[in-house]
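Asker: One letter stands for each residue in the lines below.
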Amino acid sequence: MSQDYRSMWAELGLDLAAHDQLLAVLGQAYADIYQAQADRPEAMSYFDFVMSEVHGLRIRELLDARKAGRKVVGAWCVFVPEEIVLAADGICVGLCAGADVAMDEVEKLLPRNTCALIKSSLGFKLGKLCPYLESVDMVVGENTCDGKKKMYETFAELTENLHVMDVPQMKSADGRRLMLNEYRRFLTAVEELTGVEITAERLRQGIRTANAKRRAMHRLYSLRAADPAPISGLDALLINQISFYDDPERFTASVDAVCDELKARNEAGRGAVPAGAKRILVSGCPMAVPNWKLPWIVEGAGAVIVGEESCVGERGLRNLVAEDGGTVDQLLEALVDRYFQVDCAIFTPNPDRLAHIRQMAADYRADGVIHYGLNFCQPYQMEAIPVAAALEQDGLPTLRVDTDYSQEDVEQLKTRVEAFLEIL
Amino acid sequence: MIAAGIDIGSRSIELVLLDGDRILDVRRQDTTFDPLRQCQRLLEGVSWDTLAATGYGRKLFSERWGGDTLTEIRAHAAGARFLHPEARTVLDIGGQDTKAVAMNEAGRVVKFEMNDRCAAGTGKFLEFMATGLQIPLAEFGTYALSGARGVEISSMCTVFAETEATSLMARGVPGPDIARALHMSIVTRSASMLRRVGVVPPVVFTGGVARNPCVVALMGQILDCPLVVPENPDHVGALGAALHALS
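Protein chains in written order, with this note's numbering: chain A, 1 to 424; chain B, 1 to 247.
Since the hints were derived computationally from the structure, they do not count as laboratory data.
A portion of the hints provided could be inaccurate.
Listed below are the simulated DSBU-like cross-link pairs for lysine-lysine, each with C-alpha atoms no more than 35 Å apart in a straight line [as the list claims (entries may be wrong)]: (1) A:Lys171 x A:Lys414; (2) A:Lys67 x A:Lys171; (3) A:Lys213 x A:Lys108; (4) B:Lys124 x A:Lys108; (5) A:Lys67 x A:Lys128; (6) A:Lys149 x A:Lys108; (7) B:Lys111 x A:Lys67; (8) A:Lys71 x B:Lys124; (9) A:Lys414 x A:Lys108; (10) A:Lys414 x B:Lys124; (11) A:Lys171 x A:Lys149; (12) A:Lys213 x A:Lys278; (13) A:Lys71 x A:Lys213; (14) A:Lys213 x A:Lys263; (15) A:Lys108 x A:Lys71; (16) A:Lys278 x B:Lys59; (17) B:Lys111 x A:Lys278; (18) A:Lys71 x A:Lys149.
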C-alpha cells in the first residue's frame, strides 16, 4: 500500500492484527505468482496497482463516494444486476470469498463439509477482514446453491443490511417470471436505499456502462485465441477478478489498453508463452481473489490457460443487455433476457453450459479442459461427471480436479496436472 | 550411452542405470528429511550421459543436477511397458500415492487416476498399521495372508482405521484377521481406482506395496485377473525415468 490506511481500517472495525497478516500473505503470494511471470503486458501494471491497493485506495474511494452521498452495494454473485445499482448512481462491488480466514469461528456456525467459497464469505465477516463488506450500505445474497442459501440465514444474524434475492432453478416461463419479479423487488430496494428514482434513462445508462465493461472483456477473450497466447491465464484471471471491484469506466479503459497491447503482440506473433505451449480451458467453480492455485500450477507446468468458463470469467461476463428499451419495464425484461442465460450449475437441467464449454474449447483452440470443482460444491462437482464424459466423447481430454483453498494438495495437484499435460 | 533415471518418492529414492536396453545397476536410499543429500549419496561414483528425474522431488533434483523431469504416471507406464511390452494397465502404490494408469496398445498413457491429497490406502497406511499390530513391515503381508476372512474395516482413513483395528483387538479378533481386513481396505480402494480407468490385462503392479504378497493376492482375486509384479517393483518409476532420458 502506498499510504497508511490503518486509521481507515480501524474505523471500519477490521481486526488490524489479523488484517496485517492477511495482507502480508496476499502480498507475498502476489509477488511469487504474478510478479514472477515473464514477459507480461506492460498495461498489466494498472492491474498490479489495483491489486496493491485492493484494500487501500479502492476502499478510500468507496468511503469518499459515500461521504458524497452515493451508496455502495456488495454482492458475491453474477446474478446480482449491477446495472440497477449503477442506475441509482450507486457503486456495486464484489465481496471477499477467496481465502480461508477465521475458520475456527466459521465452523461453529457452518458444517465443516461446506465449500471453501461459502465458508470464506462468512469467514471474512466473522474475522472482520473484508473492508468491502464493512464499507457497503447493502449486502445482496442470492439463493443459488443450498449452501449459500442457508449461509445467508446465518449471515443475516450478523448484519442489518442483507437483501436476499431469490434465483430460479429451472429455465422455464415460471423461472423467468421469478427472476423478473426479484429484479423488480431489488430495483425498489435500491431506490429506497439511495433515494433515487430509477428512470428508464438512468437504467439505460447503467446498462450501457455494464455493457461497455463486458464488451472490453469480450475483446480480451477473443484476443486469447491467438497462438501463441498473448497473455497468461493468470493475468486474464486477475482482470476478471478485478472486474468485480473496480470503477467500471476506469476498468473498461484499462482493459482496452491491455487489449490494444495484446493486439499488437498478436500481430507480431509474440506470446506470453512460447508457441506450441499446451492450451487449457478451465471450467467450473469461480476463483475469487486470491485463489490462484490451479492456474499457478497449470502455467507453472508450462501450459497456458486460454479461457475460463467460470463466473469469474466468461460465464459471468458473456452476453450483453439490449439497450433499446423505452421503459423501465422493457429494460428490466432486457436484463432478465441476459441474466437468464447465465448457465450456472444451479439450473436443472443445464445443457447450455456444456454447449458453451464446447464452443469455448473450439474458439480458443484448447488442447484439453480442466474441470475445477470446489470440494462440497454439489452443483459443479455433480455436473463435472457428465460434462467430462461428454467432452471425452468429443475427443477433448478432460481432467477433473476437486480442491479447496488450502495448499496441502499442491504437490499432488502438480503431478496430476503435469501427467494430464503429458497426455495431451 | 548410459542413462540414469531417478525416482524421488516420499519414502525412498531409487536409481536405475541403463545402457541401451540393459539395466546396469539399481540402487535405493531412504528419502529422509534431506532428499538432496540422499540423492548425492546415491549418485556417488556413478557416471551417466543423460539423466531424468521423476517423483515428488523431481523439480528439486533437476534444479541441482539438471536433466529432464517427468511425472510418476508417465514414468511407471514407461517402465512397466519396458519390462512387459504387452502391459495395458499399471497400478502403482507407493509411500503416499496410489495411481492407476491406462495405456493404449501403443503404450501411450490415455487415462489416469490418483489420490488427491490424503495418503489413505497407500504404503504409509500399511506401515502405520504394521506398527500398530507390532509386526515388522516386511512380514506384514505374509502375516495378513494367514488371516481368515469375515472381518471388515470400512475406513480408509489411517486414523479411523486404526480406531477400528483397536476396537477389533479389544473384541478378541485375532491379529492376522485384522491385518487381512486392513489389506482388503487398500485393495478395495485401489481396485475402484483401477476400474475408473478401465482394467485391461495385463495389469502390472508397481511401487513398494507390490512387494506385499497379501495385497497382490487379494487384488488378483478382486479384479479376477492375475497381476504382473516385476522383480523390482519399486524401481519401475526410476526405470521409466531412465528410458525417458534415453529418448
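Asker: Would you pick out the hints that fail for this structure and give their numbers low to high?
Answerer: 1, 2, 3, 7, 8
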